[in-house]
Each structure stands twice: as C-alpha cells, then as structure tokens.
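Colleague: Guided by the hints, dock chain W onto chain U, whose structure is given.
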Amino acid sequence: MSFKKIADTILAASPADQTEIVYRLRNESLTRFANNHIHQNVTESNHEILVRCVSGSRCGIAVSNSTDPESLRKLARIAFDLAKQQPENPDFKGLPAQAPLEKVTAFDPAVTACSPAVRAKGVGIICQKATDAGYIAAGSMTTGASLFGVANSRGVFAEAESTIVDASTVVMSPTSSGWAQASGWKLGSVDWDQLADEAIRKTKLGENPRDGVPGEYTVILDPYATSDLLGMMAADGMSALAFQEERSWLNGRIGEKTLSPQITIVDDGQDIAGIPSPFDSEGQPKQRVTIVDAGVCRGPVFDSYTAGRQPGAVSTGHAMEQSAAERVGPLPMNLFLRPGTSNVEEMIASTKDGLYITRFWYTRPVHPRDVVVTGMTRDGTYVVRDGEISGAVKSMRFTQSYLEALASTTALGSTCKTLWAGGAFNVPPIKLEKFSFTSSTR
Amino acid sequence: MKELAQQAMSTAQLKGSRYADVRIIESRTQTAGVKDGNVDSLGDFESVGFGVRVLVGNAWGFASSADITREEVDRVTALAVEIARASALVPGKPVELGVPIRSTGTYVTPIQIDPFSVSIEEKLGLLLDADATMRRNPGVKVSEGRVTSVRHRKTFANTEGALLEQTIYECGGAISSTAVSGNDIQVRAYPDAFRCQGTGGWEYILNERFADNAERVASESVALLSAEVCPSKVTTLILDSSQLALQIHESCGHPTELDRVYGTEAAFAGRSFLTTDKLGSLRYGSPIVNLTADSVRNTGLGTFGWDDEGVPASSTPLVKNGEFVGYLMSRETASQLGLQSNGCMRADGWNRIPLIRMTNVSLEPGTWEAEDIIADTDEGVYMETNRSWSIDDMRLNFQFGTQLGYEIKHGKKTRLLRNCTYAGMTPEFWNSCDAIGNAKHWKLWGTPNCGKGEPMQVMGTGHGAAPARFRNVRIGVFR
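If you read the sequences in order, they're chains U and W.
First residue of the first sequence? That's 1 in this note's numbering, and the numbers climb one at a time after it.
First residue of the second sequence? That's 1 in this note's numbering, and the numbers climb one at a time after it.
Hints in this document: simulated from the structure, not taken from any laboratory.
Take the hints with a grain of salt, since some may be wrong.
Stated by the list, open to error - Restraint ranges, calculated between C-beta atoms of paired labels, are given here:
1) U:G215 x W:L416: 24 to 34 Å
2) U:E345 x W:S314: 52 to 62 Å
3) U:G94 x W:R136: 28 to 38 Å
Because the structure is a prediction, the values reported are computed rather than measured.
All C-beta atoms, glycine included, are put in the ideal place defined by N, C-alpha and C.
Same shape as in the complex, but just chain U:
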C-alpha cells in the first residue's frame, strides 16, 4: 500500500481535531565481521506507521507496523482515545501547516541492488589485507533504503526516498588497533581498499604503546573524534527544548563569543555533501541553522512544539520522530563543522608536544551546561614530539569541557569527512591547544 493511501485511510477514519501520520518503510541489511570472517549477516524489511491525534490541545500517539486498512483505522481510534483521556496542555499549539519543500536527492539505486554477496566481497578485501598483515579485522557494512513520509489534516504531505551506506573496521594487533569508517548515501561512498589501508596503517603505527601520562595536551583529532565533539554538543544543548529547560550550553551564551573564531557549526538537512533529510517528522522543511557562527553562539533548533512555547520562534524543521520513552525535542541531525585550511600532516608538523587521536569512545556528559564530557581515546593515540609522531600510548581517559577545548582551536583541516553516528556529521580534522587527560588504561 502506498504512503498516500495509508495516509488517506487514516485521515478518513480519524475523529480527531487534527491528525498526523508519520510513515517509514525500511529495508536494511548489515554484514558484520570479526576475527577475519563474517559472523553475522542480517536483513530487515519493516514499516512503521505513527499516528498523532489532537483533541483540543491534547495529543495521543499510536504506532504499529500493520498496514491493512482495519489496522490503520484502529490506529487512529487508539491515538484519539489516548488524546481524550488527558488534561489540556496549553503549551501545545497544534500541528503545523504545509510549507514549501525543496526536492533533495539522496537515493542511489545501487544501494538497493547491493546483494549480500557484494557486501561479502568488500568485507573480504579488509579481512584478506588484515590477514596478510598478520592482524585481525572486525567491523560491519550497512546498506539501507527507506521511504519516509509525513502527512497531516492541515495539508502537509511530504515523502522522500533515501539510501544510506556505512562501513567501518577496527584492525587489531596484539598491542594496538586502528580504525577507519566511511558513510554516505551513495554505494561509492565506501572504498574498501582505502578503509583497510587506513586501519592497518594506524594499527602498525600504534604497536607497543607506552603508558599515557595524565595531563593537559595539545591534541590533533581525526574527523572520527571531531564528530564526537559535535555529537555531544548537539545532545547537550542544540535543542530548543534543552534551551527552554535551561540545561543547554547555549543558555546565557547567545551572542557571546564562546568558541574560537575558526569554529562555525551549521545544521543543514538539504546539503548533499552530508546525508540529507529534507524535512522533519512534522513534514516541515529542514532549514539551514547556524548554531555557532565564527565562535559566536547563535541559537538552537526548533520543532513546532518548542517554537509554540517561545514568542517569536518558528519551527526550523528539526522535529524528531516520537519516541516510546519521552518527548525527545528537536535535534540537529545533519551537522557540519566548517573546514579550515590545514591538514593532519601540517597539524602534526606544527606541534611540539601533543597527542594525535583517532577517535573517542564511550563519551558521556558530566556537566551539560559546560559540555564537560568524560570518555576514552581508542584505536590509536599517538605521541607527537617536535613535529613528528614518535610512538603511541595506551588509550587515555579524559574529562574535558568541549566548549573550552573548541575555544582553543588553532587549526581545522580543509577536507571534511561524512560520518554516520546516529546522525550525520560532516567534519574536518581539528587541532586543539588544550585537552585534559586524567588517566591511562592498560
């Protein structure tokens, strides 16, 4: 059944004042490998229909993955019943109306045609190269296609097909490991030879690491680590809900020069350099929102609910799909850290004492208002001395304000990498003058 027909069936059956349908048809496959062989290989075909019914200023939500007409009509009844059984919520101002959408193509037919055998061939390249080097490889490749649609009783109707590709590997020696990842919406986003070579090179470079010494270091971050800076800042406060609840790092900093003037952070769901998603789960066009402009904090992203609570605010098209657990609020899912003019080699050459870090691991917020985060380095922490890599240290734990770290930015790479990590990131390597480490692991 087409999304149009699903939406029409539900809208016709719904007795609510307003009704919204969010639909996602998903076909996703993943090949996983470890110890130089494929050990998990899965595929999923599913669709999910979410109905939000509004009665006055009360909302009820019902979700199902059954598309027969009676199930769809029942879904509308359940959502409406839930809406009726609660007090009015004055903060809810209604569903949004239709807004013009740009057509953004992020669909590659080659992804949908990618068979398990094709994925296995790619995985085989990494496993063979790791074996030849005397190492062990693990990782995965995901290929997925989805149809995302949003319709409501106020005239919103939006649907878009998209594809996603994500591949990553960790290559391990007895004393070290290296990481490489590639993501995008085109099948060609993944170059298996390049992934294998990068991870193997990092593994070799990191063999026989010393114990790390806690302290403050100049750090050079690969894009894998840079993406974590943006991810934690997004989770800790790029949302209008966090801002309105005063738990955002943007609170008290709007208009302030908080980060280095080299730092500009933008969310742009229309830019095909990332992994675009042209509209949000309310069918509103994703606007390009500058969150930090040359170091100056500008503001969070909005959905219709948070915009309705703040005079003068409008939805920026960042509504998230309703979760079973709670109202997540709007989030930027297509983040770009604008590039600079440098590269990793130049950053290393200009560093007297520092660490070159592949990626961060298990990062968690310690103090959201200052984006203080703890976590570990992983898959390559290299010592930089007098402009050269002089060896490696074991993974180190840091507890660091990402805001303070970004305020100390001295260089950004000129080339960005697109990465998928729950959201899409397009980020360059970065050099930060100050980053605090509290311990080393074994």
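Modeller: Same frame as chain U, but now just chain W:
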C-alpha cells in the same frame, strides 16, 4: 503462529540449513509521561513480525519481515539461507552448537495486575500527583515522571524440535526533579536515574510509591545547588545499591559476555579483559565478592522461561569468593569452551538476531547492616544514584558520576556533596571491597537501556545489590 514457525523450519531444512530457528513476536509498549504539570507523552506502540536465523555449513544468515504470511515466511527463510551462503564467502572456523535444544512449553511472567488493564487516567494520575508535589518546591525548574508497560508474546521454534511460547510483561518508571542556578544544573531521580524497570505487572510501579518520594526528590535537587563540590582525593567510597547496580553492569556484566571475549563485538561494543586464560585463576574481587547471573529471580529484567535459543532459565556463578569462575554464554560460544550454554541469548525484537546479553547479574548480599557500614567508616564519601558513566572497551578503566553524595566523618554522614565522581580500574576496585550490605538492604534493579550489537539493540538487564564499601578510591575527578 506455531504452524508458521514450523513451516519456516521445514523450509530452512529444505534449503540446506543444518540448523535454523525462528521467533515470531508481537510486542506492545504503552508509555505515559508528564512534565511540569502537563502530559508530555502518551503513546501505544505495537510491532509484529518474525525473524529466521539459519546456519548453512559454518555460516550464519538472518532475515526478518513484518509481514506474517505463509508466502513471506518461505521468502524470508530462503533469503536467510542466501545470506548465509554469502557469509560463507568470507569463512571462519567450524561452528558447533553443543547438545540439541528440544525445549517445549509455555512461560508467562507472574503478574498481579495486567498493566494494560490499568486505565490511562490512573497512570497519569499517579504521575501528576508526584509532579504536583515536586512543583510545590519553588526551586524546581523541571519536574517529570514516566511509566512504561511492555508485553512481548514470543513463539520460538528450531530445527532440533524446540517449540516454545512465552509472554513477558515488564513495567517501569521514575520521577525526577531538575534545579538550575546560574550555570549549575542538578537532577535528582527516584527510584533510579534510568527508569527502574522489571518483569511484572502494574504492582511493580505501585510498590515504588512515587508520590511518597516526590517531596524529597525535589528538595534534594534544590539543596544540591548550594552543596559543596565533591573533594578531589583518594578515600573510602560507599555506594548505594542503585549506583552499585550500574557498576556491576559495566564492570562485571559486560566483561563476562563471552562474545566480547572472543572478539565478535570488537568493532562496536568492545572486548573484555576477562580472557579465557583467566577463568578459574583471576582474583577478580575480594573474598566477600560473589557475583551471579540468573534468569529466574522474580521481577528481574533478565528473567524469562527460556532464552532466544530455547535454553532454559538458570543461575550461574560468575565470581565466587572473589575468584572469576564463569561467563555469560550462547550455544556457539559455550561450545568453544567445551561447556553448555547458560541461556544468555536475547534479541530486542523480531527483526534482530539474539546476542549474548546480561540476564540478572547481581552482587550477592553480604553480612553488614547498611547503617553499620557508615558507622564503621572514619572518613570517606557516600554516593547515590547515577549521573554519568563511562568505561573503556576492555571494561577496565571506568569513571562514574552520581547525583548526590555525603561526606562521611567519624561514622556519620555530614556535608551534602554535588558533582560527585569516582574512577578506577575494575579488578583493583572490586578487590578493595571490604563490606557488603545484607539481604535486608539488597534490591534487584532494572536497567532498561543496555545497547549492544549492530544494528544496535537495546535490552533490559537486571542487577541486584546492597550498599557496599570500597577502599582507596579516587574521587572528585571533575570539579
């Protein structure tokens, strides 16, 4: 459903599988949430589908679909076989599954009150009462509360003759209060930071008595704003049972997962320092430390009749008198060690393969009265309720933060402390444990948000603990 399950198994065998299993699952989740006196979320979520896992030669394949028809069962089973044949293009070692599993039967979580029979009005009323109490404190910026009710109906079959039906009920919930002053933000939650959840009916929620704790939660969040910051030093640490439950989860539960040990989670969830050469020889903790994995305790979030390979629920020692003695295992990984599975394979839905997951991994009670642990401590810090957590990929180097702490001086709790953190290395930490509360103070907590695997799966795990004391722990990492 049984017929479709058996059809999938017949098709799998006809297509050349030497082993196959199928799970047909209907899941329903109902959530209710309030925030700042308003209903924040109210939803009913249902998902139905099936997944077929096949072993062809020594290669695995899995396919799943939301469309439960005879034609789709045949198509998806054939697809799983095709995927397994593709897996064989990058082959590994021979796969052994141990003795055949031919379990049959039914299991239903014991419940007193069906959570789906409780009215929305009652659920919201319970939350709004607690919310109103919290909001009476003018220092509260955000008050919230949530309850969740879950039901999974599963049919399992395999090609060895197993045929099982299970209905698992879960309920969970929590309230929390957030206070803000200047650039500081303090949160208190009850009963736990992650929404305490367990298998059971609506009585599980009623037993937690949210409204009775709302005033305390609110006043503690406000009081924390003016509390002293946790000092930075090495000292004696006493953890409440909920924080200890998460410590167990991260530093005991995950490293005993045998798939991590064998490297199959290396690229995502990480590996483990508990390599097989340490089994039976590593002094993991002090002699009073006894850790058990079980799937039989009432209300445990890891409690069921059979795991997702059809292996019956059981209880296994992981650490006995401080010595590392056991793993959480699947059929395949147990066979690699020459052992039988202890039933730890679970998937978070019909569209995911089973992985080794914690069941109820618990620290067995000690002999101390909780008050006596404090009274016996000359100087130290007591910490309660998780605020942040992080551990390295080998499960050694950890750092946790808690919502609240108290300085302990001469056997008494004194100053309230905020921004509490502690850090350490797993074996050193557990070897420094010298006091564990007795059964009276032991509680089985539920962690509903454990992430593992690709595609990511979120699983509920149970962890029992009583308050315990640890010596020479580094605290106050963040000031």
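Colleague: Against the range 24 to 34 Å, how does the distance between the Cβ atoms of G215 of chain U and L416 of chain W compare: consistent or not?
Modeller: For G215 of chain U and L416 of chain W the Cβ distance comes to about 31 Å; the hint holds.
Colleague: Between E345 of chain U and S314 of chain W, does the beta-carbon spacing fit 52 to 62 Å?
Modeller: Roughly 56 Å apart at Cβ, these two residues keep to the hinted range, so it holds.
Colleague: Can the suggested window of 28 to 38 Å be confirmed for the beta-carbon pair G94 of chain U and R136 of chain W?
Modeller: 31 Å, holds
Hint check: no violations occur; every hint is consistent with the structure.
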